[in-house]
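Q: Listed below, chain by chain, are the residues.
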Amino acid sequence: MEALRKLRGTNNEGVLALVLLALIVGMSIANPTFFTLNTGFSILRSAIVPVIFALGVLIVVITGGIDVSFAAVAIFAGYATVTFCLTMGFDPGLFGIFAIAIGIGSLLGLINGLVIARFSLPTLIVTLGTQGIFFGAMYTYVGATYYAELPGSMAALATTNLLDVTTSSGRAYLHILVVPVLLLCVLVALALKRTMFGRSLYAMGGDIEAARRAGFQVKRTQVWVYVLVGALASIAGVVHIVLSRSANPRDLVGGELDIIAAVVLGGASIFGGRGSVIGTVLGVILVQVIKNSLLLVGVPSAWLRTAVGLLLVIGVGVQAIAARRKSRQMRVIDDVDLAHPHEQKVGS
Amino acid sequence: MSPDTRTRPEASSGTSGLRNANDQLGKWTRRFVRRPGSNNSAGRMVVALLLAFALFAFLNPRVFLSPINLQNIAVAAPEIGIIAIAMMIVMLTGGIDLSLVAIANFSAITISTLYNAIAATDPALAESLSLVIVLAGVVVGVLGGAINGFLVSVVGITPILATLATMQIYNGLAIVWTGGSTLYGAPAVLGSIGQAAVANVPLLFIIFIVIAILVAVLVNRTALGRMIQLEGANSVAAQYSAIPRRRVLLKTYMVAGLLAGLAGVLFVARNPTASADYGSSYVLLVIVIAVLGGTNPTGGFASVFGVVLATLTLQVVSSGFTAIRLSSYEYAIAQGVILIAVMIFDSVSSSRTKKPKKSGPPRHSEPEPSAVALSDPDLKRN
Chain A
1 MEALRKLRGT NNEGVLALVL LALIVGMSIA NPTFFTLNTG FSILRSAIVP
51 VIFALGVLIV VITGGIDVSF AAVAIFAGYA TVTFCLTMGF DPGLFGIFAI
101 AIGIGSLLGL INGLVIARFS LPTLIVTLGT QGIFFGAMYT YVGATYYAEL
151 PGSMAALATT NLLDVTTSSG RAYLHILVVP VLLLCVLVAL ALKRTMFGRS
201 LYAMGGDIEA ARRAGFQVKR TQVWVYVLVG ALASIAGVVH IVLSRSANPR
251 DLVGGELDII AAVVLGGASI FGGRGSVIGT VLGVILVQVI KNSLLLVGVP
301 SAWLRTAVGL LLVIGVGVQA IAARRKSRQM RVIDDVDLAH PHEQKVGS
Chain B
1001 MSPDTRTRPE ASSGTSGLRN ANDQLGKWTR RFVRRPGSNN SAGRMVVALL
1051 LAFALFAFLN PRVFLSPINL QNIAVAAPEI GIIAIAMMIV MLTGGIDLSL
1101 VAIANFSAIT ISTLYNAIAA TDPALAESLS LVIVLAGVVV GVLGGAINGF
1151 LVSVVGITPI LATLATMQIY NGLAIVWTGG STLYGAPAVL GSIGQAAVAN
1201 VPLLFIIFIV IAILVAVLVN RTALGRMIQL EGANSVAAQY SAIPRRRVLL
1251 KTYMVAGLLA GLAGVLFVAR NPTASADYGS SYVLLVIVIA VLGGTNPTGG
1301 FASVFGVVLA TLTLQVVSSG FTAIRLSSYE YAIAQGVILI AVMIFDSVSS
1351 SRTKKPKKSG PPRHSEPEPS AVALSDPDLK RN
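Chains A and B, in that order, give the protein sequences.
With our numbering applied, the first sequence corresponds to residues 1 to 348, in that order.
With our numbering applied, the second sequence corresponds to residues 1001 to 1382, in that order.
Think of the hints as simulated: they come from the structure by calculation, not from any bench.
Glycine included, every Cβ here is placed at the ideal spot set by N, Cα and C.
You can trust all of the hints, since none of them are fake.
Some chain A residues near chain B, calculated using beta-carbon distances under 8 Å:
#1 SER120
#2 ILE125
#3 GLY132
#4 LEU304
Between the sequences and the hints, there should be enough to build the whole structure, so can you do that?
A: Here is the structure:
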């Protein structure tokens, strides 16, 4: 029983993994082409960018906030970096490119953080506003042209594969960028679990006033959270440009809600205080698998949005109903506890 | 309590009349200054509207003040304004509805499809059934709102997530239905309503004002409106006041759906086409308008008049930007800046009247009026 509970995980990660497993098994029975290395690798590849985004969103959601500007930050940082390199005509190397992008992303995140923390404003409204500002600023001041040619180092990275397996159904490639993403996941997970910073995020999400009275630097942490999200988003932006082998300013923005949906499906509470990296990664992969398998089963791609929406309703609805049942049970137990000593008193 | 507060009553009984008057005056000013929403924000929006209008009229009078431009403002404002009012009602309960634009599109698509289906066999019949077709569109809107309301009130999903999901669902269904293309065709009556004008004021604009007045009456003069406000101001207090929380929330989202459905009718009236991705920029815009119009995003306070004025202001800014040749991206920047500036302004001015230092240690002060505790952002956040 205890082992079962442990397997289930604090945020129902076990349940999510089970759903994912059932889906994969079901799909493989329904359509054998699903269960191939090709599909697996392509799902992993398509999950790279969403996972990086989701890590950022997870951090914000744990603190009880929400950020809808991350896609705008990502494309701003990625696109501005590429534009800068191409117009100046030099290639600072991968390290340089990521450094520039992270710098831009952190700066944009800092704007979010400062506005939110300094004036204690609702995070959704502020990031909605900055989303418009960042996106508009990119088009107005950076440019709107589509670049099909990337700086040399990025183009080289785009075609680098970690694994190159020849299977019966053709060659399957596992992209090299899976490794840094895994590394990022481990880093964020460690930061959340083992550092003071990470614990303060959970504390703030649980009760911001309690966290403040417990001595956490609430405002400062809040600013750092948004800087971190900006940095993560900018990495995702560069990675997206690398993977799509072109810099298109129209990309990414508009897909924010899919990421938030995946994070919430992964067990993070939108009220803050709950959420884990494992759950988030599982949530993202679940969404990607569903996207992929719908096409394989023969459902037209037009149904994709509806499917993700339904998935969100079911996932969150089950959580909401379970939470309510739990709170009802707790009330019952409280009553018993209250009644018990009372009886004893009467008896003695 | 300091000693001087205790001794004051006996010490100065002679001037008690004067002091009472002074207290009364103080109380009155305080109430006026702290009065959240309505008068304050509406007054501010009047100033903003006039300023924006004067600015663009000064910068490019030839284009901006041309009758065509002014008419365009009056024709474009209603559909956005009605969705913004719907957003305002939902925000009044402390929620948010991201699916409104998707519902409006769904309603528009319903109208267009029904009309085309009937008109294919008998065009005359389709025209005579116009009213039924339009009603069907509105009913679809109410249904969409009811689903939102069910998810929020009965299932208990947070409004932002529930409507995020239904937005995807409605939008996805609309894409499936239309195959991603734009539908053409709508009852001719709607088209003529869209073109008509009374004394140079477009009929659409008059419809908008009438709807706004009806909603204002609903919010301020009916029991349901009161309950919606209470629910948003303090959900726990509302529960202890025997307000049927679920039913109120359900009705709120249904009214919002109804309004979105009406906005869908206006979409078709303005332009006899319907598509799944029309007005995708409205989702952000209506939140900007609602907040700008003095709606407290955490619930409890809002003003329909303020939202109407905010709609007009943003529409003036939008067409003014076009008149002085700024791009729609610069307009996006302006929207964001306006939204954040207003929020900052509100936060600074409300914290000035409430407590001098936000992050300071809790003061032990005399009990403050309950209205302050209700609108305290620290208590209501998250």
